[in-house]
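Model the full structure from these sequences, guided by the hints.
Protein chains in written order, with numbering that gives the first Met the number 0: chain A, 0 to 271; chain B, 0 to 264.
These are computed hints drawn from the structure, not numbers from a lab. No false leads were slipped in.
Straight-line Cα separation of at most 25 Å, SDA-like style, residue types lysine to any residue; simulated pairs:
no., chain 1, residue 1, chain 2, residue 2
1, B, Lys82, A, Ser176
2, A, Lys185, B, Tyr165
3, A, Lys185, B, Leu112
4, A, Lys185, B, Phe141
5, A, Lys185, B, Glu116
6, B, Lys82, A, Ile157
7, B, Lys82, A, Ser179
8, B, Lys82, A, Ile178
9, B, Lys82, A, Leu97
10, A, Lys185, B, Arg126
11, B, Lys82, A, Leu96
12, B, Lys82, A, Ser186
13, B, Lys82, A, Pro101
14, B, Lys82, A, Asp161
15, A, Lys119, A, Leu212
16, A, Lys185, B, Gly119
17, B, Lys82, A, Arg102
18, A, Lys185, B, His147
19, B, Lys82, A, Arg98
20, A, Lys185, B, Leu149
Computed from a predicted structure; not experimentally measured.
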Amino acid sequence: MSALEQASLVESAPGMNRRRLLVMAGRIGLAALLVLAWQVAADTAGDLYFPQPLAVARRIAEDTASGALPWNTYVTLRLSVIGFLLGCAAGILVPFLLRLSPRLTGAVEPYIMASVGVPKYALIPLFILWFGIDDAPKLWLIGLLVFYVVFIAVFAGIRNVDARLVTMARVLGASESVISRRVIWKSLTPFFFAALKIALPRAVSAAIIGEFLVGNAGLGFVIENSRQQVDSTGVFTGILVATALVLAINAVLERADRRVNAWRPVDRHMEI
Amino acid sequence: MAAGAILEIRGLAKRFRARAPGAESPWIIRDLSFSVREGELLTIVGPSGAGKTTLLNMIAQTDTASGGEVRFRAQVAPLGDAKALRPGLSRQIGYITQDDNLLPWRTCLGNVLFPLEVQGRLDGQTRARAQSLVEAVGLAGFENHYPHELSGGMRKRTSLIRTLVYDPPVILMDEPFGAVDAQTRALLQADLLRLWGEGRKTIVFVTHDIAEAIALGDRTLVLSRAPASVKSEHLISIPRPRDIGGILTRPEFVTLYQAIRAEVA
Ligand SMILES: Nc1ncnc2c1ncn2[C@@H]1O[C@H](COP(=O)(O)OP(=O)(O)OP(=O)(O)O)[C@@H](O)[C@H]1O
Ligand SMILES: [Mg+2]
Chain A
0 MSALEQASLV ESAPGMNRRR LLVMAGRIGL AALLVLAWQV AADTAGDLYF
50 PQPLAVARRI AEDTASGALP WNTYVTLRLS VIGFLLGCAA GILVPFLLRL
100 SPRLTGAVEP YIMASVGVPK YALIPLFILW FGIDDAPKLW LIGLLVFYVV
150 FIAVFAGIRN VDARLVTMAR VLGASESVIS RRVIWKSLTP FFFAALKIAL
200 PRAVSAAIIG EFLVGNAGLG FVIENSRQQV DSTGVFTGIL VATALVLAIN
250 AVLERADRRV NAWRPVDRHM EI
Chain B
0 MAAGAILEIR GLAKRFRARA PGAESPWIIR DLSFSVREGE LLTIVGPSGA
50 GKTTLLNMIA QTDTASGGEV RFRAQVAPLG DAKALRPGLS RQIGYITQDD
100 NLLPWRTCLG NVLFPLEVQG RLDGQTRARA QSLVEAVGLA GFENHYPHEL
150 SGGMRKRTSL IRTLVYDPPV ILMDEPFGAV DAQTRALLQA DLLRLWGEGR
200 KTIVFVTHDI AEAIALGDRT LVLSRAPASV KSEHLISIPR PRDIGGILTR
250 PEFVTLYQAI RAEVA
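Shown next as structure tokens:
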């Protein structure tokens, strides 16, 4: 084996760093390009359609200073988190309860699968009719969206558990509840995290859409209210902050995923 | 029930469910009977596919039987009904399966402690015992490795001590040293004999290595090809403590080896 081949096999630390630097530079370059495109669009289309990037930046700064933006962000975040927690709890609990009875599962499964097809946003008018105009209809919407994503992942995860591990745990004296928590739950956490990566951004989107329609606070309200006043700067501000919120949530999730699923052998090709 | 028997297998039979409706599935095990004395190290040899794993699954109650019975301390196991099975018989029958079945998200030590945790018996004393077993089988320094970071033989050893650590009165072993090289194998066999000599567990040890069966056992059963039943029984009168390396050239060993070999072939 030549020295060159050896060098490429054992990736050296400086090599890793250079790769990382290149990726970083690429990201910053892309961001600059995006802002540039935005500026060009603003200059050609005009303020009505595309506000100036600087104007949006100024608005974010002003509304942050006045406390309005943090408050609205908090309202949306709170709603998303509560709705998410409710949907997530149900999405975990129902498959584990179904596990206790294969016959019940057989009876219920087609109905649950069919109800996946119902467009959840189409239910908003119904939720408003049933649950009024407070947080309740919004929480139902968010909860339901999150429920399906989590339910399907956990359900599939339970089905895919290695039956030999469950048998082994029984032989070792584990009770059914210990098996649920320590074997089945553990082996499906990678599935669960994959579901969270879809469900959490969806929860925020659902909260915003709910706020378009009901209530007088939150990022959704900011966006919709600005639109009504033909304030494109306000619309953009809302969208940008909402995006930042989702990104922040994703980053937290990513960290948690890495910590919880650290035991898994990772595919080095996908690592940066 | 035979005097001093802790396990008694009588007329045991097994056929799996037919693959297609109406089709006849073959008998894997038929009319298989033997008993195991308290404190005995019984070895069972048989060709690959004979039904050795299937037999142990039924004794451990992880699978149903199609006929016959298994008695543990005169208690008859409900082997007909999948729902009534009691895998491991309330921790009285330990089972070291052919696959290591380690929990991939737990480290080596975490796997060894798992039975103690779920049985609510993890304390300073049992933890120390786990640690000393880890050292006894040469896993010291690998406690914090996940299963995928261990070699095949290390995983086998981990699964072995995971059962030894909670000290069940009967232990079933399904080719526990199948995946290791000859030297490590000899070391592990010596370890097993030593640990068995200290605790005098009842062990049912399945293997297709005839030399291993003779070197370890008080008695060796030879299984016939499917449908499996006991073809013959050999008392191993080689005195203990045995020297795993030196035993291979003893005249009793050679005679037994040739006799069993003729039957398995
Ligand atoms: N779940 C199953 N369904 C149908 N047939 C099975 C099943 N499990 C095992 N068998 C069949 O039973 C027979 C005995 O299998 P078993 O695993 O008990 O053999 P073994 O003696 O342990 O072999 P080895 O030494 O290779 O481990 C084989 O013919 C196998 O195909
Ligand atoms: Mg086998």
